[in-house]
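S.K.: Here is what each chain is made of, one letter per residue.
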Amino acid sequence: MVSEGLNHALLPGLAFAFWIWRDYNSPWLLIAAAASGLVMIWLSEAFQRTKLLDADASLGIVFAGMFSLGVLFVSNFLKQTHFHQDCIIEGNLAIASLDRLKIGGWDLGPKSWIVMLSIFTVQLLFVIVCYKELKAALFDPELASRFGLQPKLFQLFWLSIVSLTTVAAFNVAGSILIVALMIAPPAAAYLVTTRLHSLLFVSALIGAASAFIGFYASLSLDVAPTAPIASSAGVVFLLILFLSPQNGFIVTQWGHWRCNRETLECLVLQWIQDGLQERSTFPPRASGPFTKWRYILNRLKRQTLIDQSGDQLVLTPAGQEKLTAKLAEFSCME
Amino acid sequence: MFELLGDYTVQIVVFSSAVTGATSGALGCFAYLRRQSLVGDVISHSSLLGIVGFFWLWFAFTGNGNKSLWLLIPGAMTASIVAMILTQWITKTTKIKADASLGVMLAIFFGSGLTLLRWIQRSSNPIPGQAGLENYLFGMAAATTLPDLWMIGILSVVSLTCLVICWSRLKLLTFDPGYAAGLGLSIKLWELLLISLLVIGIVIGLQIAGVVLMVALLIAPASAARQWTNSLGKMIFLAALIGAVCAASGAFLSAVKKGMPTGPVIVVFLVLGVLVSVLFAPGRGVLSRRRSLVT
Numbered sequence: 004m005v006s007e008g009l010n011h012a013l014l015p016g017l018a019f020a021f022w023i024w025r026d027y028n029s030p031w032l033l034i035a036a037a038a039s040g041l042v043m044i045w046l047s048e049a050f051q052r053t054k055l056l057d058a059d060a061s062l063g064i065v066f067a068g069m070f071s072l073g074v075l076f077v078s079n080f081l082k083q084t085h086f087h088q089d090c091i092i093e094g095n096l097a098i099a100s101l102d103r104l105k106i107g108g109w110d111l112g113p114k115s116w117i118v119m120l121s122i123f124t125v126q127l128l129f130v131i132v133c134y135k136e137l138k139a140a141l142f143d144p145e146l147a148s149r150f151g152l153q154p155k156l157f158q159l160f161w162l163s164i165v166s167l168t169t170v171a172a173f174n175v176a177g178s179i180l181i182v183a184l185m186i187a188p189p190a191a192a193y194l195v196t197t198r199l200h201s202l203l204f205v206s207a208l209i210g211a212a213s214a215f216i217g218f219y220a221s222l223s224l225d226v227a228p229t230a231p232i233a234s235s236a237g238v239v240f241l242l243i244l245f246l247s248p249q250n251g252f253i254v255t256q257w258g259h260w261r262c263n264r265e266t267l268e269c270l271v272l273q274w275i276q277d278g279l280q281e282r283s284t285f286p287p288r289a290s291g292p293f294t295k296w297r298y299i300l301n302r303l304k305r306q307t308l309i310d311q312s313g314d315q316l317v318l319t320p321a322g323q324e325k326l327t328a329k330l331a332e333f334s335c336m337e
Numbered sequence: 271m272f273e274l275l276g277d278y279t280v281q282i283v284v285f286s287s288a289v290t291g292a293t294s295g296a297l298g299c300f301a302y303l304r305r306q307s308l309v310g311d312v313i314s315h316s317s318l319l320g321i322v323g324f325f326w327l328w329f330a331f332t333g334n335g336n337k338s339l340w341l342l343i344p345g346a347m348t349a350s351i352v353a354m355i356l357t358q359w360i361t362k363t364t365k366i367k368a369d370a371s372l373g374v375m376l377a378i379f380f381g382s383g384l385t386l387l388r389w390i391q392r393s394s395n396p397i398p399g400q401a402g403l404e405n406y407l408f409g410m411a412a413a414t415t416l417p418d419l420w421m422i423g424i425l426s427v428v429s430l431t432c433l434v435i436c437w438s439r440l441k442l443l444t445f446d447p448g449y450a451a452g453l454g455l456s457i458k459l460w461e462l463l464l465i466s467l468l469v470i471g472i473v474i475g476l477q478i479a480g481v482v483l484m485v486a487l488l489i490a491p492a493s494a495a496r497q498w499t500n501s502l503g504k505m506i507f508l509a510a511l512i513g514a515v516c517a518a519s520g521a522f523l524s525a526v527k528k529g530m531p532t533g534p535v536i537v538v539f540l541v542l543g544v545l546v547s548v549l550f551a552p553g554r555g556v557l558s559r560r561r562s563l564v565t
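Protein chains in written order, with our numbering: chain A, 4 to 337; chain B, 271 to 565.
It should be emphasised that the hints constitute simulated quantities derived from the structure, not laboratory data. Some hints here could point you the wrong way.
Subject to a maximum C-alpha distance of 20 Å in a straight line, what follows is the list of computed EDC-like cross-link-like pairs (lysine to aspartate or glutamate) [said to hold, decoys possible]:
| id | chain 1 | residue 1 | chain 2 | residue 2 |
| --- | --- | --- | --- | --- |
| 1 | A | 114 | A | 26 |
| 2 | B | 528 | A | 89 |
| 3 | B | 528 | B | 277 |
| 4 | B | 527 | A | 89 |
| 5 | B | 367 | A | 59 |
| 6 | A | 329 | A | 265 |
| 7 | A | 304 | A | 324 |
| 8 | A | 304 | A | 265 |
| 9 | B | 528 | B | 369 |
| 10 | B | 527 | B | 273 |
| 11 | A | 82 | B | 404 |
| 12 | A | 325 | A | 265 |
| 13 | B | 365 | A | 143 |
| 14 | B | 367 | A | 143 |
| 15 | B | 528 | B | 404 |
| 16 | B | 458 | B | 446 |
| 17 | B | 441 | B | 461 |
| 18 | B | 527 | B | 404 |
Throw the hints in and build the complete structure from the sequences for me.
M.R.: So this is what it looks like as structure tokens:
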């Protein structure tokens, strides 16, 4: 929730820095964004200290306020520049790819790509070097402080890295969908695994895959790439949710259905054994409309667990055995 | 600048914004007290897909672009209800928590909504009548027409009547849902009513505040009003007042200065309102607490 709002709150700093320096890849953008983030944190802490608003409301109001100031600044002072209102929503990938880093005659690629790559390296190093401390600080700060690991410091580091990434990714993701790109891939990865190291790897993979799919979709749809990238991340999440072989929706529902079917089979076997089919209220009819009971009876006949002579149903020896085994199983479970 | 208030279009804009601000502010009190600003955020962001989707469906069936609120508000409601059901289902069946599912809904609904919007607007073959659709991102009160005002008015009257009729039970459910359940009130039904009121409170304001900032129009008047009173009735009335004033002034300012999106202006006014309330409210406010410490 905080990182989400942080992304919104960086906008005024970015807009102001761009207004002064007119360069997307200037390091001042990072500094201004960091200052903006600090202002946001200070303001929301101040609000929360008054204890007059609950946490969610105070965060929400500070984010909304700062974001609105950023939007107003952009639409009033940056109208004719590259950083216009659309950029807030979806970044500015086309311009970004043209601004290249040239060192001594070598074209090293777009500046924003280099920046993003360096931030990725910083992130990777940070996570690798401080893995245990980060894990402790983020998941169990009390334990971490008892070990003397200073969780507040790590949380501050982590917030700074989130801000850095937000600023660097502005070209691709704008200010709004960056939240989706930061949350949807990890959420999708969380459906598949719970161990932290595989979580990191899988969400990075999903993020990269969504970016690929989204970008090519944007080419064929003739739209800016940010939105298709975010929706691909969402689509990947839905796909995993439904199709995952361990706890995907489809597999779970099928499992339930199979369980139901087995229970009904045992029930029908029991009924036949207890001679309840004399009763007119006995649901399984060997003839008549095709209901689930007919389906069960057909299954039982196919498994040679019951025999039908005319209108009478009897259990075969195999059926008897199965029934006693199942009853024993159920009574063991009591 | 104020002579523009004599202009008929501007009057419609200001009046509809005031009504919207009042309704959202009033209904937002329940969202504020029940800690539902996150749900509100999901609802407002997901509405984009519904708004753009219904616009596109209408075009696909009739070949015309139609941006009337009578088409787009049902679209917003449909999409947000689907998003809420999906969120509830995800939090119930997986390990993913509520605020992570907000990010996922953002990706799915807002992302596809934005993709569809940009596709509708594509330079190679844009759909006719799409020009104002982008305003639903940050709000543009100047686009309000008379039919829109009717839709807003009807929604307002319906929800506020509901509020008045069910007043005592809504109050009970907000502050003591356990006791309400013990009294035999059907919690499911009443939750449904409260959620419907929340959805109405949000979609009614999408045209003036936009999808991204609507949640502030819902929560900020309530937060400001809370500082001035402890009574729910007075709080709702005050929130409606604050919402109406800020929304109307914001809409007026943005209509006068062409090209300024309405949502951010309203939010700036609202945040000022919250600041003033937090600092100066008698009894609870920061300054009055300082004074009582000193004397």
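S.K.: Against each hint, give a clear statement of whether it holds in the structure.
M.R.: Against the structure, the hints:
Pair hint residue 114/A plus residue 26/A holds up; C-alpha atoms about 11 Å apart against a cutoff of 20 Å. Distance check on the hinted pair: residue 528/B and residue 89/A sit about 17 Å apart at the alpha-carbon level, within 20 Å; holds. A hinted pair counts as satisfied when its Cα atoms are at most 20 Å apart, and residue 528/B with residue 277/B qualifies at roughly 15 Å. For the hint pairing residue 527/B with residue 89/A, the CA-to-CA distance comes to about 19 Å; that is within 20 Å, so the pair holds.
Pair hint residue 367/B plus residue 59/A holds up; C-alpha atoms about 15 Å apart against a cutoff of 20 Å. A threshold of 20 Å between alpha carbons decides the hint, and for residue 329/A with residue 265/A the separation of about 10 Å falls inside it, so the pair holds. Under the criterion of a C-alpha separation no larger than 20 Å, the hint pairing residue 304/A with residue 324/A is consistent with the structure, at around 15 Å. Restraint check: the Cα-Cα separation between residue 304/A and residue 265/A comes to about 14 Å, which is no more than 20 Å; the hinted pair holds.
A distance of roughly 36 Å separates the Cα atoms of residue 528/B and residue 369/B; the hinted pair therefore is violated under the 20 Å criterion. In summary, the hint linking residue 527/B to residue 273/B is supported, as the alpha carbons are separated by about 14 Å, within the 20 Å threshold. Between residue 82/A and residue 404/B the alpha-carbon distance is near 17 Å, which keeps this suggested pair within the 20 Å criterion. A threshold of 20 Å between alpha carbons decides the hint, and for residue 325/A with residue 265/A the separation of about 12 Å falls inside it, so the pair holds.
For a cut-off of 20 Å, the pair hint linking residue 365/B to residue 143/A stands: about 18 Å separates their Cα positions. Annotation: proposed proximity of residue 367/B to residue 143/A holds, straight-line Cα distance about 17 Å (limit 20 Å). For the hint pairing residue 528/B with residue 404/B, the CA-to-CA distance comes to about 15 Å; that is within 20 Å, so the pair holds. Straight-line distance between C-alpha atoms of residue 458/B and residue 446/B comes to about 15 Å, which keeps the hinted pair within the 20 Å bound.
Note on residue 441/B and residue 461/B: the hinted pairing holds, with a Cα-Cα distance of about 12 Å set against a maximum of 20 Å. For the proposed pair residue 527/B and residue 404/B, the alpha carbon gap of about 18 Å is at most 20 Å, so the pair holds.
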